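Trainee: Sequence:
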Amino acid sequence: MKLLITGGFGYLGGRLAHSLASGSGHEILLGSRQNLEPPEWLPIAGVVQTCWDSPNELDGICAGADAIVHLAGMNAKDCAVDPVAALEMNGLATARLLRAAIRQGVKRIILMSTAHVYCQPLSGVITEQTCPRNLHPYATSCRAGEDVVMAAAASGDIEGIVIRLSNAFGAPIHEDANCWSLLVNDLCRQAVTTRRMSMRSSGLQRRDFVTMHDVVRAVSHLLDLPEASGDIFNVGGGWAPMVIEMAELIQSRCADIFHFTPEIVRPAANSREASLALNYSIDKLAAIGFVLNGDHVAEIDDILHFCRKRFVA
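Heads up, the sequence shown is in the working numbering, so the first residue is 78 and it goes up one at a time.
Please keep in mind that the hints were generated in silico from the structure rather than gathered at the bench. Please read these numbers as outputs of a predicted model, since none were measured by experiment. Using N, Cα and C, we set each Cβ at its ideal position, and we do this for glycine too. Errors might be hidden in some of the hints.
[Unchecked claim] Derived CB-CB ranges, DEER-like:
1) E304 x L281: 38 to 46 Å
2) E205 x D253: 28 to 36 Å
3) E117 x A390: 52 to 60 Å
4) F337 x P115: 37 to 45 Å
5) A354 x D136: 46 to 54 Å
6) E205 x V368: 29 to 37 Å
7) R385 x S279: 27 to 35 Å
8) K154 x E117: 42 to 50 Å
9) S348 x K154: 24 to 32 Å
10) S348 x P120: 53 to 61 Å
11) A140 x P344: 22 to 30 Å
12) A364 x G141: 26 to 34 Å
13) A364 x C208: 20 to 28 Å
14) C208 x M319: 22 to 30 Å
Please put together the full structure from these sequences, using the hints given.
Mentor: Put into structure tokens, the structure is as follows:
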């Protein structure tokens, strides 16, 4: 399979490309806004420069591809600062890529969206039938991208799949990946570099956490489906601890690996705070044969070791 991964030099793009190139037989093309050479961490990959406002150039990068995994997009923080740019990147650019893919006869596109389209914070049982109602620019712009993919799939123009990803964590495949705003990755970096973890909340809220190992496996599973008529899948880890519990796990891993115990610093909980139950259901993904097998502890250990090597002199 010839596979185009937009955002291929990013955090998830790097992990996915490296995994799929290892014995899968896939020909990997990494999409980037910059004109880059094949990276040291995946020298066998091809690289294509992505110009999001040029239909001709988008046609060129899609030509010959069997499938596309669309990971390029604007993150939540930047979306809040510039909602118009968020809609242009997460919505309009997705539509342009989709039209180019259809013109070039690409069979399947997988769009990486977010669990945050449902609500913030997540609580209760969340399935793909849960009504999305988050009005943050990140959520609404991701929904715009989802809608164009689902509309094209419904029209029979392409096989379209949307992934609504929960809170992923894991070490990046290369040092330039921008992944340190992710909660677990950030806490691990703090623990290694400062021997303390400063939290912005009391940590009583629950989040579904999924290892990058399982995220990559889920994408691969969806790429390998014989047919995909157009569908949305939650991808989560089946595990929703309180944030403070995650911090305490990182704390204990530091003690075991590095023989120091980082301090946890957090605001006190107020009287109205509660730890609301959360079940980010992946039953639909499980129904098509996917089984989680990621190791939370091993993934955290990998982040800690990466941080020690990368950030500590």
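Trainee: Each hint should be assessed against the structure and marked as holding or not.
Mentor: Against the structure, the hints:
The supplied range of 38 to 46 Å is met by E304 and L281, whose beta-carbon atoms lie about 43 Å from each other. A beta carbon spacing of about 34 Å between E205 and D253 agrees with the range 28 to 36 Å that was offered as a hint. Distance hint for E117 and A390: a CB-CB separation of about 22 Å, inconsistent with the stated range 52 to 60 Å. Distance hint check for F337 and P115: the Cβ-Cβ separation is about 39 Å, which falls inside the suggested range of 37 to 45 Å.
Range check, A354 to D136: about 48 Å between beta-carbon atoms, so the 46 to 54 Å window is met. A hinted range of 29 to 37 Å for the beta carbons of E205 and V368 is inconsistent with their spacing of about 18 Å. In this structure the hint that R385 and S279 lie 27 to 35 Å apart at CB holds, the actual value being about 28 Å. Distance hint for K154 and E117: a CB-CB separation of about 29 Å, inconsistent with the stated range 42 to 50 Å.
Take S348 and K154: their Cβ atoms lie about 30 Å apart, and the range 24 to 32 Å holds. For S348 and P120, the hinted distance range of 53 to 61 Å is satisfied, since their beta carbons lie about 57 Å from each other. Our hint of 22 to 30 Å for A140 and P344 is violated, since their Cβ atoms are close to 53 Å apart. The hint said 26 to 34 Å for the Cβ distance between A364 and G141, and at roughly 33 Å that hint holds.
With their beta carbons about 21 Å apart, A364 and C208 fall inside the hinted range of 20 to 28 Å. At roughly 26 Å, the beta carbons of C208 and M319 sit within the given window of 22 to 30 Å.
Of the numbered hints given earlier, the model fails hints 3, 6, 8 and 11; all others are met.
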